[in-house]
Amino acid sequence: MKQLHILVYIKQVPDTEGPPDAFKVNQEAKRVVPVGIPPVINPFDESALEGAMRIKDRHGAKVTVISMGEKLAQPVLRKALAAGSDDLILLEDPLFKDLDSNSTAYVLSSIIRKVEPYDIILTGRQAGDWDFGVTGLLMAEMLQIPCINLVRKVEIRDNGRVRVEKLSHNRCEVVEAPMPVLITASSELGELRYTSIRALKAVGMKPLKIYNAEDLGLDLRKLKVRQIVKLFTPYNRRQCRFIEGESSQEKGENLAVSLKKEGVI
Amino acid sequence: MDRMTREHGRVLVLGEREGKEIASITFELLGVGRKLAGDLNGTLCAAISGNQITDVSKEIAHFADEVYPLDHPLLASFHADLYTIAFEQLCRNVNPDIVLMGHTLDNLSLAPRLAYKMGAQVITDCIDLAIEPGTGHLLCTKPVYGAKIVSIFKLEKKPYMATLRPKAVEPVGPGSVRGKVIHFDPIVDESAIKVELIEIIKEESVSLDKAEAIVAGGRGIKNTEGVNQLKELINALRRYFSTVELGASRPLVDAGLVPSSRQVGLTGEKVAPELYIAVGISGSLQHLTGMSGSKTIIAINTNPKAYIFEVADYGVIGSYEEVVPAFKRKLEDL
Numbered sequence: 000m001k002q003l004h005i006l007v008y009i010k011q012v013p014d015t016e017g018p019p020d021a022f023k024v025n026q027e028a029k030r031v032v033p034v035g036i037p038p039v040i041n042p043f044d045e046s047a048l049e050g051a052m053r054i055k056d057r058h059g060a061k062v063t064v065i066s067m068g069e070k071l072a073q074p075v076l077r078k079a080l081a082a083g084s085d086d087l088i089l090l091e092d093p094l095f096k097d098l099d100s101n102s103t104a105y106v107l108s109s110i111i112r113k114v115e116p117y118d119i120i121l122t123g124r125q126a127g128d129w130d131f132g133v134t135g136l137l138m139a140e141m142l143q144i145p146c147i148n149l150v151r152k153v154e155i156r157d158n159g160r161v162r163v164e165k166l167s168h169n170r171c172e173v174v175e176a177p178m179p180v181l182i183t184a185s186s187e188l189g190e191l192r193y194t195s196i197r198a199l200k201a202v203g204m205k206p207l208k209i210y211n212a213e214d215l216g217l218d219l220r221k222l223k224v225r226q227i228v229k230l231f232t233p234y235n236r237r238q239c240r241f242i243e244g245e246s247s248q249e250k251g252e253n254l255a256v257s258l259k260k261e262g263v264i
Numbered sequence: 000m001d002r003m004t005r006e007h008g009r010v011l012v013l014g015e016r017e018g019k020e021i022a023s024i025t026f027e028l029l030g031v032g033r034k035l036a037g038d039l040n041g042t043l044c045a046a047i048s049g050n051q052i053t054d055v056s057k058e059i060a061h062f063a064d065e066v067y068p069l070d071h072p073l074l075a076s077f078h079a080d081l082y083t084i085a086f087e088q089l090c091r092n093v094n095p096d097i098v099l100m101g102h103t104l105d106n107l108s109l110a111p112r113l114a115y116k117m118g119a120q121v122i123t124d125c126i127d128l129a130i131e132p133g134t135g136h137l138l139c140t141k142p143v144y145g146a147k148i149v150s151i152f153k154l155e156k157k158p159y160m161a162t163l164r165p166k167a168v169e170p171v172g173p174g175s176v177r178g179k180v181i182h183f184d185p186i187v188d189e190s191a192i193k194v195e196l197i198e199i200i201k202e203e204s205v206s207l208d209k210a211e212a213i214v215a216g217g218r219g220i221k222n223t224e225g226v227n228q229l230k231e232l233i234n235a236l237r238r239y240f241s242t243v244e245l246g247a248s249r250p251l252v253d254a255g256l257v258p259s260s261r262q263v264g265l266t267g268e269k270v271a272p273e274l275y276i277a278v279g280i281s282g283s284l285q286h287l288t289g290m291s292g293s294k295t296i297i298a299i300n301t302n303p304k305a306y307i308f309e310v311a312d313y314g315v316i317g318s319y320e321e322v323v324p325a326f327k328r329k330l331e332d333l
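Chains as they are written, first to last, in numbering that gives the first Met the number 0: chain A, 0 to 264; chain B, 0 to 333.
Since the hints were made in silico from the structure, they are not lab data. For each residue, glycine too, the CB sits at the ideal point set by N, CA and C.
Which residues of chain B face chain A? A partial, calculated answer using Cβ under 10 Å:
#1 His102
#2 Ala119
#3 Ala146
#4 Ile151
#5 Lys153
#6 Arg238
#7 Phe240
#8 Val252
#9 Leu274
#10 Gln285
#11 Lys294
#12 Pro324
#13 Arg328
Isolated chain B, as found in the complex (with noise of 0.2 Å):
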């Protein structure tokens, strides 16, 4: 489409399965995505890739002015090299204002590489999105130096490509749309694979960020018995959650006590479950990023000027060892 025959902006989200469903930052990503088309009285295209995908496109519709299946069976599964070539086609002949997409894993390798590609500049891991009013320029709302600061930068070139932290902002809400679902065949071969899969390494399969309670722990946790007693205290949450999960901060993960899948922070996941309960966890910046939306907050530590406890709802001052059995009978016998 010509840009110059263009009155209106186009804000194009890139949307995530997991599996045959929509990944729930997709649904992040159509509520900004709405509300900026809405500020620039534009219209909201979502994309989403994979092989035979028409179900999840069809959804997708009820949230999109235009839906683009990228379906290919080498698009089938996340890879970079081919993921770049096939979003580059797709944005070149959408022709985008915008281009946002979730600060997922998978998209830290796509996002720098499809900006180069667009001649764009990325702002990644944001928080919030807005247009700049006067001028329609992207501001960008996102934590720096450890979430210690909150900057707002500016995009000034067009396409602005940003990518949304997950949990982050309101899901969509109900999908009234009825968008168009336009056919887009992006053009990818094997040639372009310049990193080969060799083989995938299955490590446990969490949901951290579909959990109700959360209960982590941090640098304090010093062995295998200690994470033992918080999968205990974990087993007693079950008779007031339906889904609680062991998490933990970035020193426990490096230390090989928990697998990586389950850290919680700024390079791990983004969580905000009812209750999140904080055991041995100092509360760097680094983990705060990922957990101070939940609900309810309770840090048990030996510190009493532990920073955790200033973005705690309730605090124990007191050794875990002791503090964790005890409200783990308390709860088995209340």
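Just chain A, same shape as in the assembly (with noise of 0.2 Å):
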């Protein structure tokens, strides 16, 4: 079998586990503004990541890594090369701001054309900052292959199709498809390696191709911004009573005797 080619998209998102009020709003231009929270790459895509250096641990392949915004943070994208993987590619222009998934998808099949032939697009079910779950699945449409959704597991056959588990409800199911195909991983899928700080330096000075919407020959009239007319903070906080007592035991003893008195129970 001829060595494998996967691409790898990675998004760049503000790292959601930080803490609530870090997000702040800003009404006027319809953006969330995260607050001394570091970028990170989606932990989702970090998934799809892992699951491509499986794939060349076992059977050997060329994984090329790409990621597109209006300015990415080269440090932490260099992650995935210090991870295993080959190339890094970045779509890098003002244009591509705020763009809508269907814009996105656009954006991010317009370089297919540049790093054919591919076997396997891997990417994360969803990012963590918009929660949409719909870029990867649109580029399949686009380029018009399979594409499986929320995988956890991914091998390939001996006859050239891949075999993956993706998750349904309550069950698991075992899918075969042709290859090129799309796959989206889930977090189940497992996190990504460890990456030293030595393979980061390593990586520090890698040259890497960076495009511009001109050098993808876009048509700039098919970006399109996401339409937000209004942008909030949920307020679900409760009031919360905390349970007395002079030790653990005994705070546990009158959480039950509390929800009898009160009606809970």
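Two independent chains are provided; combine them into the complex using the hints.
This is the structure we're talking about:
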């Protein structure tokens, strides 16, 4: 079998594990502004990258990582190289600011011509910022290739097909598809392998390929920004009553007593 | 139907089944769909797919003005490739202004593909939908940034498409409509199947969303012994609630201690039981998204600063290994 070429799409997002009050709303610009939160690779995309690395470990493969944004943090994205991918391509242009999902998928698929041929596209099931979960599937539609969503395990079969385990309601489906195929990774696939400081340093100077809208030959009329009417902070806080007690055990007992007294149970 | 000859809007709900039953999300979709159809002074249509679904279709006709059963052996159970084709055919026939579906695991694979085929945008995981006065555009309210922020998106190009988060809205009221069941034959065949089903691995079948009470564990639960302590608490709670289930936040699932079918949160189940007990859960917004609508929330955590206490009604600061067994014993003794 010829060497596999795997494309992994990753997105830079603010670390959504950060404290809630670090996310401010700029109402005028209709943007969410993270304050004091470092950018990270979207965790689901990290799982996708891990999936690619496991295929590379087993079968050998060239792994090309692609990321798009108006302004990308190279040191953050270089982690993908440190984890073992071969190439990092950035699609960077101020025009890529605040694009809607369809436009994003359009830009992301436009790089394909420059990296063909490919066998597998891997990306995360959704991104931790807007949580849409549609971009990967839209790309598959645009590229007219099969797609498998919410995957926790990927295998390459001898007959040149992929066999994957995908999540479904109360079950897991084992499915097969021919390549090229697009696969979205769920967190169940696993976390991205550890990347040492040394490995990060080693890839720190590796040249990256950077393309803007013009390089990609995009039809700019197809770039549409997302239409947001309003952004706000949800108010779902409650008044918490802390259960007192001399010891943890006593607190546990008092909890039961309070619940009974107040009719919760 | 010719769009030009029509004055009023059409809302199409893509219903779901669980076996021979109508899934609860369908009633929630019908509730929102009815509201939107009312605002448009229009018609509420509903579709349901499967094999031999006459009874289900008739039942849905109590809630929708027009019901379209997509009855075909190949549609017996969900397959993204086939369902996309069948629903695209239906959409072209019904010509809806709005298409609504549940934000369920299956539809995550269907919604973007159907939207692409219809030349539409889809806003996923909405918790509210409304017609913008004046313009008639669809406003879609959706939590973003791991639910730290809520965003209202506007769709301006028809058909407007959205997926609705389960348990986000009230289900439709008692069925008093006498809708028409309209025959529609989708043209599907096996050649459309690109992704082939090889095998189904049954996971433990749970209905977290139907439980009256849920005891959920998080990162603080260190091992199987910890999970067993939660199970003992669940047994004790069965004196008070008819259905009590074990839940989990993502770290516990990713650690392999609890199956993913029990995960509560943004990428898991959305639940709203009478009582939710969060044990060793810090309260990431990913998790809160799935349970903040619970009637009463109890948090047990060693860290007094854990965010979960912000959304809890009762808080216990302490180690679950001590709090939970004592709580359980007292529940049994009361």
